[in-house]
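> The listed protein sequences correspond, in order, to chains A and B. Just so we're aligned, residue 0 is where the first sequence starts under numbering that gives the first Met the number 0, counting upward by one. Just so we're aligned, residue 0 is where the second sequence starts under numbering that gives the first Met the number 0, counting upward by one.
Treat the hints as calculated values from the structure; they're not laboratory data. Just so you know, these numbers come straight off a predicted model, no measurement behind them. Mixed in with the good hints there might be a few duds.
Identical copies look the same in the list; a pair holds intra-copy or inter-copy alike.
Below 27 Å or equal to it, Euclidean Cα-Cα: the simulated BS3-like pairs (lysine-lysine) are [unchecked claim]:
(1) Lys-9 - Lys-209
(2) Lys-251 - Lys-226
(3) Lys-251 - Lys-132
(4) Lys-1 - Lys-234
(5) Lys-52 - Lys-209
(6) Lys-121 - Lys-226
(7) Lys-155 - Lys-222
(8) Lys-251 - Lys-65
(9) Lys-36 - Lys-132
(10) Lys-238 - Lys-209
(11) Lys-1 - Lys-251
(12) Lys-234 - Lys-251
(13) Lys-9 - Lys-226
(14) Lys-238 - Lys-251
(15) Lys-36 - Lys-148
(16) Lys-1 - Lys-119
(17) Lys-52 - Lys-234
(18) Lys-238 - Lys-41
(19) Lys-226 - Lys-155
(20) Lys-238 - Lys-52
(21) Lys-9 - Lys-222
(22) Lys-65 - Lys-36
(23) Lys-9 - Lys-234
2 protein chains.
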Amino acid sequence: MKAVMLGSGKVATAMGLQLAKHIQFVEVFSPNTTHAKTLANKLNSVACSEIEKLTLQADVYILAVKDDALAQLAQQLRLNNKLVIHTSGSAEIDVLSPISSQIGVMYPLQSIAHNFNLNKWKSARICIEASTKEALSTVETLAHFLSTKIHPISSKQRLNLHLAAVFANNFVNHMLYISQNILQENLVNPEMLHTLIRETTENAILFGAKESQTGPAIRHDQKTIEKHIELLNNKDLEKEIYTLLTQSIQQKFNHE
Amino acid sequence: MKAVMLGSGKVATAMGLQLAKHIQFVEVFSPNTTHAKTLANKLNSVACSEIEKLTLQADVYILAVKDDALAQLAQQLRLNNKLVIHTSGSAEIDVLSPISSQIGVMYPLQSIAHNFNLNKWKSARICIEASTKEALSTVETLAHFLSTKIHPISSKQRLNLHLAAVFANNFVNHMLYISQNILQENLVNPEMLHTLIRETTENAILFGAKESQTGPAIRHDQKTIEKHIELLNNKDLEKEIYTLLTQSIQQKFNHE
């Protein structure tokens, strides 16, 4: 199978490096010449930075780019019946319709940082979708090169899953960032909270987050809430976050 | 050592049951007669529900009650030089000053739910503080009956630690609650996110949350952000939370 990777960011790199163990990348496209060359070298491939010169000789085109770049590529690329795949959690499959009739999605439910450890692929869940049986079969084959955990889901489910992942990953991490900051400013060892943090996620996973809620908000401990808000007096956004989340916790549990 | 437990809630119960393996509880106080009796039975002790009848014959009085009850007890109790301890994360040690000159704090950094598994005590961190060397020595002895992880910290540090724990535990759990809700509404198996959730906290612990931030907010992926907000159109609080946390993430990382 001959493939083209469009994109040169973290997802394109992590996915490209893993897939290159099984398939041949005949070209790597990025509008930025340096970026295209860097990833092309890593994938033992050829760089392309002019979209009109992109090879038409590959079997599959993987678009691992931001959603706005996806829309732009959809205007520029015409690949007839070649298989065209995007990797986005939030773009519908149909964004690819102008490019080809054989389209698919391969969305890794995985936080991919720079220098992503390729061993992590095997535990990553890959959400897939395709426009035809034939396309689905190839998407499945490719997804299996990344992981054994393959999940066919619809565009609507994927978008909601992506939203849920923002809360579970990005926003959880931001709560931990604010927490670590408060400890640092008060010269408290961050290790103090590590057991509690691990227990928090384990309880939410094992018993459900609904059953696991504790703290001043849910027990309406107004005195403590006021003290906390006073401590945040010089931090407008943190104060707003504290107030809003307290309100949200109280509302959820009053309504049930 | 003869002790009195004031309080009958989750902390009083979990702490009382563990301490009763080492010390004798001569009385359990709660203004609610039934609650006082229930915990007194568990601790093989005697119930008291009238504060003016509380025994003066004990060596140590543990006030495991809400902060507003603490302030009220401080007005009612006069115990001269008996050791008086509270268990609150957010109350200063001096709230106990009217009661005695020998005062202390024993704050378990541990989310304590109903039916708390007593085995968890040994991994819990106990933050302690005391007004005199003598008081500190007894508080340390009691804390060691709960756990080997004892940390002397000031009231100001403890209050900030408590605030940090609200972000790391209560608010993280609420993010996971919203996330699990979105999955449920869209018939997506909640297991899909378990690996990601575990990785999120492990990364924040190992590398720091500052280094671990990913997602649409930090990469200013406006298109995805707008799609997510649209999905939350019928959920006012979730929409407000999404917008505020996105803004907060972007502000932190622009300023550095």
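> Could you run down the list of hints and mark each one as holding or not?
Outcome of the hint check:
1. When the C-alpha separation of Lys-9 and Lys-209 is checked against a cutoff of 27 Å, the pair qualifies only between copies, where the shortest distance is 18 Å, while the shortest distance within a copy is 34 Å.
2. In this homomeric assembly, Lys-251 and Lys-226 come within 27 Å of each other (Cα to Cα) both inside a single copy, at 23 Å, and across copies, at 24 Å.
3. With identical chains, the CA atoms of Lys-251 and Lys-132 are never at most 27 Å apart, being 43 Å at best within one copy and 46 Å at best between copies.
4. Taking the closest pair of Cα atoms, Lys-1 and Lys-234 never come within 27 Å of each other, the shortest separation being 53 Å inside a single copy and 45 Å across copies.
5. In this assembly of identical chains, Lys-52 and Lys-209 lie within 27 Å of each other by CA distance neither inside one copy nor across copies; the values are 54 Å within and 41 Å between.
6. In this assembly of identical chains, the alpha carbons of Lys-121 and Lys-226 never lie at most 27 Å apart, being 46 Å within a copy and 29 Å across copies at closest.
7. In the homo-oligomer, the alpha carbons of Lys-155 and Lys-222 lie at most 27 Å apart only across protomers (16 Å), although the nearest pairing inside one protomer, at 43 Å, exceeds that limit.
8. In this homomeric assembly, Lys-251 and Lys-65 come within 27 Å of each other (Cα to Cα) only across copies, at 22 Å, whereas the closest approach inside a single copy is 34 Å.
9. Taking the shortest Cα distances, Lys-36 and Lys-132 never come within 27 Å of each other, neither inside one copy (35 Å) nor across copies (68 Å).
10. With identical chains, the CA atoms of Lys-238 and Lys-209 are at most 27 Å apart both within one copy (24 Å) and between copies (19 Å).
11. In the homo-oligomer, the alpha carbons of Lys-1 and Lys-251 never lie at most 27 Å apart, since the shortest distance is 52 Å inside one protomer and 43 Å across protomers.
12. In this assembly of identical chains, the alpha carbons of Lys-234 and Lys-251 lie at most 27 Å apart whether taken from the same copy (26 Å) or from different copies (12 Å).
13. Proximity of Lys-9 to Lys-226 under the C-alpha cut-off of 27 Å is restricted to the inter-copy arrangement: shortest distance 22 Å between copies versus 42 Å within a copy.
14. Proximity of Lys-238 to Lys-251 under the C-alpha cut-off of 27 Å is found in both arrangements, the shortest distances being 20 Å within a copy and 14 Å between copies.
15. Taking CA atoms no more than 27 Å apart as the test, Lys-36 paired with Lys-148 passes in neither setting, with 32 Å inside one copy and 53 Å between copies.
16. Taking the closest pair of Cα atoms, Lys-1 and Lys-119 come within 27 Å of each other only inside a single copy of the chain (25 Å); across copies the shortest separation is 55 Å, beyond that limit.
17. Taking CA atoms no more than 27 Å apart as the test, Lys-52 paired with Lys-234 passes in neither setting, with 52 Å inside one copy and 46 Å between copies.
18. Taking CA atoms no more than 27 Å apart as the test, Lys-238 paired with Lys-41 passes in neither setting, with 46 Å inside one copy and 41 Å between copies.
19. When the C-alpha separation of Lys-226 and Lys-155 is checked against a cutoff of 27 Å, the pair qualifies only between copies, where the shortest distance is 11 Å, while the shortest distance within a copy is 42 Å.
20. For the identical chains of this complex, Lys-238 and Lys-52 are neighbours neither inside a copy (53 Å) nor across copies (43 Å), given an alpha-carbon limit of 27 Å.
21. For a Cα distance limit of 27 Å, the shortest separation of Lys-9 from Lys-222 across copies, 19 Å, qualifies, whereas the shortest one inside one copy, 46 Å, does not.
22. For the homomeric pair Lys-65 and Lys-36, the shortest alpha-carbon distance inside one copy (19 Å) is at most 27 Å, but the shortest distance between copies (63 Å) is not.
23. In this homomeric assembly, Lys-9 and Lys-234 never come within 27 Å of each other (Cα to Cα): the closest approach is 33 Å inside a single copy and 32 Å across copies.
Violated hints, listed in ascending order, are 3, 4, 5, 6, 9, 11, 15, 17, 18, 20, 23; each of the other numbered hints is respected by the structure.
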